[in-house]
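Visitor: Sequence:
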Amino acid sequence: AYIMKPKAGYDYLATAAHFAAESSTGTNVNVCTTDDFTKSVDALVYYIDPDNEEMKIAYPTLLFDRNITDGRAMMCSVLTLSIGNNQGMGDVEYGKIYDIYFPPAYLRLFDGPNCNVVDMWRILNRGMSNGGLIVGTIIKPKLGLQPKPFGEACYAFWQGGDFIKNDEPQGNQVFCQMNECIPEVVKAMRAAIKETGSSKLFSANITADDPNEMIARGKYVLSQFGPLGENCAFLVDGYVAGGTAITVARRNFPSQFLHYHRAGHGAITSPQTQRGYTAFVHTKISRVIGASGIHTGTMSFGKMEGDASDKNIAFMLQDDEADGPYYHQEWEGMKQTTPIISGGMNALRLPAFFENLGHSNVILTAGGGSFGHKDGPKPGAISCRQGEESWKEWKAGKFGDVSLSDGIIEFAKTHEELKGAFLTFQKDADQIYPGWKEKLGYTGESSVQAATFDWAKKAAAAAFVGSSMAPASKESSVTCRALDQSSRYADLSLDEEELIKNGKHLLVAYIMKPKAGYDYLATAAHFAAESSTGTNVNVCTTDDFTKS
Numbered sequence: 001a002y003i004m005k006p007k008a009g010y011d012y013l014a015t016a017a018h019f020a021a022e023s024s025t026g027t028n029v030n031v032c033t034t035d036d037f038t039k040s041v042d043a044l045v046y047y048i049d050p051d052n053e054e055m056k057i058a059y060p061t062l063l064f065d066r067n068i069t070d071g072r073a074m075m076c077s078v079l080t081l082s083i084g085n086n087q088g089m090g091d092v093e094y095g096k097i098y099d100i101y102f103p104p105a106y107l108r109l110f111d112g113p114n115c116n117v118v119d120m121w122r123i124l125n126r127g128m129s130n131g132g133l134i135v136g137t138i139i140k141p142k143l144g145l146q147p148k149p150f151g152e153a154c155y156a157f158w159q160g161g162d163f164i165k166n167d168e169p170q171g172n173q174v175f176c177q178m179n180e181c182i183p184e185v186v187k188a189m190r191a192a193i194k195e196t197g198s199s200k201l202f203s204a205n206i207t208a209d210d211p212n213e214m215i216a217r218g219k220y221v222l223s224q225f226g227p228l229g230e231n232c233a234f235l236v237d238g239y240v241a242g243g244t245a246i247t248v249a250r251r252n253f254p255s256q257f258l259h260y261h262r263a264g265h266g267a268i269t270s271p272q273t274q275r276g277y278t279a280f281v282h283t284k285i286s287r288v289i290g291a292s293g294i295h296t297g298t299m300s301f302g303k304m305e306g307d308a309s310d311k312n313i314a315f316m317l318q319d320d321e322a323d324g325p326y327y328h329q330e331w332e333g334m335k336q337t338t339p340i341i342s343g344g345m346n347a348l349r350l351p352a353f354f355e356n357l358g359h360s361n362v363i364l365t366a367g368g369g370s371f372g373h374k375d376g377p378k379p380g381a382i383s384c385r386q387g388e389e390s391w392k393e394w395k396a397g398k399f400g401d402v403s404l405s406d407g408i409i410e411f412a413k414t415h416e417e418l419k420g421a422f423l424t425f426q427k428d429a430d431q432i433y434p435g436w437k438e439k440l441g442y443t444g445e446s447s448v449q450a451a452t453f454d455w456a457k458k459a460a461a462a463a464f465v466g467s468s469m470a471p472a473s474k475e476s477s478v479t480c481r482a483l484d485q486s487s488r489y490a491d492l493s494l495d496e497e498e499l500i501k502n503g504k505h506l507l508v509a510y511i512m513k514p515k516a517g518y519d520y521l522a523t524a525a526h527f528a529a530e531s532s533t534g535t536n537v538n539v540c541t542t543d544d545f546t547k548s
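Using the working numbering, read the sequence shown as starting at 1 and increasing by one per residue.
Keep in mind the hints are simulated off the structure, nothing from the lab. No experiment lies behind these values; they were computed from the predicted model shown. Here a beta-carbon is modelled for each residue, glycine too, at the ideal position from N, C-alpha and C. All clues stand as given, with none of them false.
Computed cross-link-like contacts, DSS-like style, restricted to lysine-lysine with a CA-CA straight-line distance of at most 25 Å: (1) K427 <-> K439; (2) K437 <-> K392; (3) K395 <-> K413; (4) K413 <-> K392; (5) K437 <-> K413; (6) K547 <-> K504; (7) K437 <-> K398; (8) K56 <-> K311; (9) K427 <-> K515; (10) K427 <-> K437; (11) K335 <-> K311; (12) K39 <-> K56; (13) K392 <-> K311; (14) K395 <-> K437; (15) K187 <-> K219; (16) K56 <-> K5; (17) K427 <-> K413; (18) K439 <-> K395; (19) K413 <-> K398; (20) K398 <-> K439; (21) K547 <-> K501; (22) K7 <-> K56; (23) K395 <-> K311; (24) K427 <-> K392; (25) K413 <-> K439; (26) K439 <-> K392.
Quick list of the computed label-pair ranges, beta carbon to beta carbon: (27) R251 <-> G441: 49 to 59 Å; (28) K7 <-> V508: 24 to 34 Å; (29) K439 <-> S493: 41 to 51 Å.
Take the sequences, apply the hints, and build the full model.
Guide: Put into structure tokens, the structure is as follows:
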């Protein structure tokens, strides 16, 4: 199902038919090789509503390519036809897929997930159903930490949390090579398990251009984790690396949780973009090709684009049958894909998110929400867990007939970590929890500095006694510094010719327009921060090397 608009002067049905032809068996002129069988596999427009720009096309499944090795279906073929050359047609103003339906026999030709959140709950000893929120984080800053500080950050978070993921650009940078960083992560995990008595999870980025490199990364990571191999998921940047990369991971490492990151998807899924396909379609496709979990955004409760109605994305991923914008899909027993929520989330934003979704059976990856907490990543992680607990208690009526916001405030009165989230993320508190200062009896400053990381370094050093992991050197000591994006991430005095001569920077030119009310330079600096080492809040792990 598409939203399609012809260019001015073109008839809707004629353009729709041309669109279907270009997407299947058609050619721009009559050709002598067309026969009756060719016509039998034509894509056919079967519904149009020109006033609402709606168009539906039926594609015979015989059109789509199959593997020569096993006869399985391939998503690249589906996309090549349904969203391929039709995106550049001269008579089409725009065309975007809003829903897609897979018939049962064809759906069964795809891999689907082999692992999902149920496997994570099992590892965490939560049973096999309704195991609740998996409290996770992204090590922040997203780039710039060297192996030892990275391991220390993992250890610190695992004191209170469950799951850590590489940020999507983290992999094998020269300053943090995988063969140095992964051993530090394993040591941190072992120490955290020993100290807390609870299992921990890590998602390692194996994304690469070359499938052989992906396989080599996966094998290396598993060799280092050893008996803890099932505690390790594999992250793949599924949008930028494509469905091929997802399939490489799914088929070569079927026992690992396949963590689909969608970085870059907004280029075509954003509501501002009238071509491509929607975030709903993108995530639905991820389940078909085998993702164990995929980032689904925060449904307007975080920092990224989204809407509360985006919960239909989660339903399509996690239910055995679900309604999309246009089609009802039955999944024929295909395993569920787990929603992963990230992007500006913290403990204060979680209760309303859960209330909108109706449950908390998701994976949270809160970077700034954990490492930006005033008392550090352990209390930050605990505060997120308390965000879930407080919602459940309010839902059960423990606080009486009060609003959700008042229930969460009541819970925070006796839970220091959640109370600390109020003191840390005060702008969120002011917006979501009116009157919180009076109700919590807070009379302090309007902003609270995040904790230094020194305590975590000392704890890590003590935990790793007898191991080959030593505390970081003085030169890599981690302190908390304000994230001043306008000064740190912008320097208009730089000379382009000198940058080219220096040869140490990849230069990228954009056409960028801020949304209404936003300063251009401040937005440009935020853009650069989000594209490199920045975080949406101050974090205690930023060091001098990161800034370099």
